[in-house]
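Novice: In case you want the letters, here they are:
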Amino acid sequence: MNKKTPVIEMRDMTKVFPGVIANDHINLAVYEGEVLGLLGENGAGKSVLMSVLYGLYPPTEGEIFVRGKQVDITEPKVAIEHGIGMVHQHFMLVPPFTVAENIILGSEPRTGAGTLDIAKAAEDIKALSEKYNLEVDPYAKIEDISVGMAQRVEILKTMYRGAQVLILDEPTAVLTPQEIKGLFKIMRNLTESGVPVIFISHKLKELMEICDRVTVIRRGKMIGTIGIEDASPQVLASMMVGRDVVLEVDKEAGHPKEVTLDVKNIHAVDQNGLPVLNGVSFQVRAGEIVGIAGVAGNGQSELIEVITGLHKAKSGAVQLMGETITNHSAKQIIHGGIATIPEDRHHRGLILDFSIADNGVLGSHDQPPFARWIRRNFDAIKDYADEFIQEFDVRTPNQEALVRNLSGGNQQKVIIAREIGREPNLLIAAQPTRGVDVGAIEFIHKRIIEQRDAGKAVLVISNELDEVMGLSDRILVMFHGEIVGEIPGEEATEDELGLYMAGAKRNTPPSQGGETK
Amino acid sequence: MTTSEKSTTSVWRERIMLIVGPFLQRMILPVGAIFMALLVGAFFILAIGKNPVTAYAALLKGAFGDIYSIGETLENTTPLILTGLAVAFAFRAKLFNIGAEGQFLMGGLAATWVGTNLTLPMVIHLPLTLLAGVIVGGLWGGFAGFLKAVRGVHEVISTIMLNFIAMFFISYMVTGPMKEESALNIPQTARIADTAQLMNILPPSRLSAGIIIALLVAGFIWWLLWKTTVGYEVRAVGLNYFAAEFGGIKPNYNMFLAMMISGGLAGLGGAIIISGLFLRYQHGFEPGYGFTAIAVSLVGANNPPGVVLAALLFATLSQGALGMQNMADVPQDIVYVIQALVIFFVAAPQIVQALPDWIAKRREAAQAEAEGAQLEGGQA
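As you go down the protein sequences, you meet chains A and B in turn. Sequential numbering from 12 applies to the first sequence in our numbering. Sequential numbering from 1383 applies to the second sequence in our numbering.
Think of the hints as simulated: they come from the structure by calculation, not from any bench. Predicted, not measured: the structure shown is a model, and the values here were computed from it. Keep in mind that the hints are not guaranteed to be accurate.
[To be verified] One side of the interface only, derived from the structure: several residues of chain A facing chain B at Cβ under 7 Å:
| hint | residue |
| --- | --- |
| 1 | Val-260 |
| 2 | Val-280 |
| 3 | Gly-284 |
| 4 | Gly-348 |
| 5 | Arg-359 |
| 6 | Ile-362 |
| 7 | Asp-364 |
| 8 | Leu-373 |
| 9 | Gly-374 |
| 10 | Ala-382 |
| 11 | Arg-383 |
| 12 | Arg-387 |
[Claimed, not checked] 30 Å max Cα-Cα, derived DSBU-like pairs, lysine-lysine:
| hint | chain 1 | residue 1 | chain 2 | residue 2 |
| --- | --- | --- | --- | --- |
| 13 | A | Lys-152 | A | Lys-131 |
| 14 | A | Lys-342 | B | Lys-1743 |
| 15 | A | Lys-393 | A | Lys-214 |
| 16 | A | Lys-131 | A | Lys-214 |
| 17 | B | Lys-1609 | A | Lys-393 |
| 18 | A | Lys-15 | A | Lys-325 |
| 19 | B | Lys-1632 | A | Lys-15 |
| 20 | A | Lys-323 | A | Lys-342 |
| 21 | A | Lys-262 | A | Lys-232 |
| 22 | B | Lys-1476 | A | Lys-323 |
| 23 | A | Lys-232 | B | Lys-1443 |
| 24 | A | Lys-232 | B | Lys-1432 |
| 25 | A | Lys-142 | A | Lys-15 |
| 26 | A | Lys-216 | A | Lys-262 |
| 27 | A | Lys-80 | A | Lys-216 |
| 28 | A | Lys-80 | A | Lys-275 |
| 29 | A | Lys-342 | B | Lys-1609 |
| 30 | A | Lys-323 | A | Lys-88 |
| 31 | A | Lys-275 | B | Lys-1743 |
| 32 | A | Lys-393 | B | Lys-1743 |
| 33 | B | Lys-1609 | A | Lys-323 |
| 34 | A | Lys-152 | A | Lys-516 |
| 35 | B | Lys-1609 | A | Lys-325 |
For glycine and all other residues, C-beta sits at the position ideal for the given N, C-alpha and C.
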């Protein structure tokens, strides 16, 4: 195969949705033996471009070439036939099925009698996993395996269907640092055995580490393709955003004062009665940012919900400024001085079909000046909204716009404006920049640090290690519903945190027994 | 068409749309649905060999032809407004109140009891009669809300069951404890006292002052939904349970409250129909307003002004049906077909929405053509 012929090439790819040009004449080519990065902010058109390539949308204009031959990809089946494999951000696996059953789904091998030939499938999978060094257990059920292995299953699935090029859509979001290293090794193996990889991401460090070239798109337009030897995180960031961006979080050392939040030996169980918090104890002081790191699903979400009164603790105590607030109502806790940026803005954070103004007063909607008795004071509500729209630079035509119609970053700004506007004693920021573009991240981080410098206690929970490390004065690591590590912010390294996150290391005393178990 | 002409018309269109646009947009679906229902209904009328134009003219005449028909149409509108509001209000909390019928009947029974058993001056007796309907209807609906909030019982199941309980309970009361003592042995209650009766406001029709109460209540519910924290919380719970909970709103309490208010509205409907029209409870009194209410609420987009208009529409259709049968010799069952078609087209909005889309596309195509012609003209 001539090195000059791209395995996949998209020429002048344009996709227009009613009112939006999602892709505007984008050129992209991936060659044998390389990892091509595809970089862009949320909503820049990365996913649309890949969806067109995978046959999920028909292109408005433009051509696709597979090994120099023009093809017409009308549906995913055709894409698969042409050897295009895609692993979506959210895994498309059937949890109660085994690894082998999932991999063969849609192209099941049959025995002579027409029944499913699971033995042959397992054999094929074993051969494939050895070839590409993708270690899986064909007979394990998906629901019992780790996220990292589930991802390997997804990759194997595409290989089983004969993929000659692999698209990975934001594959690192759910992995620990060690698992990310493992994934990068797999990506190298794949490219060496002739399967190039398109790696979609907005994490600059990862792109720098694994890619040979990076194609950058911004607001649907092609900005350019840059060889990694010419790139740096700074260069990539300004290509992506269109201006210079401060990547490092810029802050002075904190000046911790009195204890604001005191969490003592909290135990809690989930809906099925299984323990999710097994004796969590920690403190947050006024004027300090405490960060909680951990792989998603290790009790961080439940911890926030217990502190904010949305999930009952079985035992233990939560104290705010010396006052016990354990299992108080959400309303009491809000008025007691805790403001929370919830981890999922669509689930807890916003009422999407309410206006910006109505969302801005959620939680204080029944307090003066926003209401007198049951009558809402719309003048006060509107003035307040106009004020924070200005202050937090929410991009919207007016305060009556439905929050649904805002971009992710602007939706997040509405939440942050609302929560900081409560003038809390403790600010809890859970995944404060999830799905928010680089420019808004910088803004949000600044606001959080401002709160600390104003003498507020701040608790940050994030799956993004960079974020926790950048913001925190002190870092706690959660694993299996416990705090297993406590590290001063300036001393933390990614590798060390990774060990705590994977449960391989611990520097806190084992928790005292609670009522659970 | 020249450029200047085109821009003037488009400027005017923009100006008009700025003012009436949001209202029109909300009206497109129901008005379009009614239009299409009448259109399809016309084919049914044609199919039985009658003239649809004559039939519809007769329908309108039957509903609005004289003072008597107007009054009767409005009297029919009254309970539909209140039960429609009941369904709409619950729906704002994302609760599907199928039990408006039961709440309506229980409200009517309570009003009958107060109307027949108490002796009071009118200024107290009449309000008390209506209030009894509100309270008992509210408790009937609130009970379903309570089960939902505390035990998670689905309101569709519980309200359907409560409908049956209401019907059989009333049957028992009307044939037993509350039965009028008379030689004729008719299964009905005694007539309510004069002091418990709503006055007639448009003789010779039977229209009572209940319509005024219904309209005032619609205004009140609109205010409650859009101008108060009560409505804010109910709507917040309906739109996003979890975000509402996060914001310190008690979702379960608000679901209970919404069902209680909903039941109270339906119960008031029952009280008004007894106090203003039937004056007593007869065995087998099941007019089905609580079920039509679901359609009224749907067509009215769960918004009080829309509900009032939709109630008027359904009352017009059922009142006009008789006129259509008498004057145009078209069986009144056609009206049921039209009612069903209205619901069908509202429930399948894509069909109706496709219409303006299609028009817009045609217009765009025409515009593109015109622009193309202009461009060519410019180059030439």
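Novice: Hints first: check each against the structure and report whether it holds.
Specialist: Evaluated hints:
no.	hint	in the structure
1	Val-260	violated (27 Å)
2	Val-280	violated (19 Å)
3	Gly-284	violated (17 Å)
4	Gly-348	violated (13 Å)
5	Arg-359	holds (4 Å)
6	Ile-362	holds (5 Å)
7	Asp-364	holds (5 Å)
8	Leu-373	holds (4 Å)
9	Gly-374	holds (4 Å)
10	Ala-382	holds (5 Å)
11	Arg-383	violated (10 Å)
12	Arg-387	holds (6 Å)
13	A/Lys-152 to A/Lys-131	holds (18 Å)
14	A/Lys-342 to B/Lys-1743	violated (50 Å)
15	A/Lys-393 to A/Lys-214	violated (38 Å)
16	A/Lys-131 to A/Lys-214	violated (40 Å)
17	B/Lys-1609 to A/Lys-393	holds (13 Å)
18	A/Lys-15 to A/Lys-325	violated (64 Å)
19	B/Lys-1632 to A/Lys-15	violated (64 Å)
20	A/Lys-323 to A/Lys-342	holds (14 Å)
21	A/Lys-262 to A/Lys-232	violated (34 Å)
22	B/Lys-1476 to A/Lys-323	holds (26 Å)
23	A/Lys-232 to B/Lys-1443	violated (62 Å)
24	A/Lys-232 to B/Lys-1432	violated (62 Å)
25	A/Lys-142 to A/Lys-15	holds (26 Å)
26	A/Lys-216 to A/Lys-262	holds (21 Å)
27	A/Lys-80 to A/Lys-216	violated (34 Å)
28	A/Lys-80 to A/Lys-275	violated (65 Å)
29	A/Lys-342 to B/Lys-1609	holds (21 Å)
30	A/Lys-323 to A/Lys-88	violated (48 Å)
31	A/Lys-275 to B/Lys-1743	violated (64 Å)
32	A/Lys-393 to B/Lys-1743	violated (37 Å)
33	B/Lys-1609 to A/Lys-323	violated (33 Å)
34	A/Lys-152 to A/Lys-516	holds (28 Å)
35	B/Lys-1609 to A/Lys-325	violated (40 Å)
Hint compliance for this structure: hints 1, 2, 3, 4, 11, 14, 15, 16, 18, 19, 21, 23, 24, 27, 28, 30, 31, 32, 33, 35 are not met, and every other hint is.
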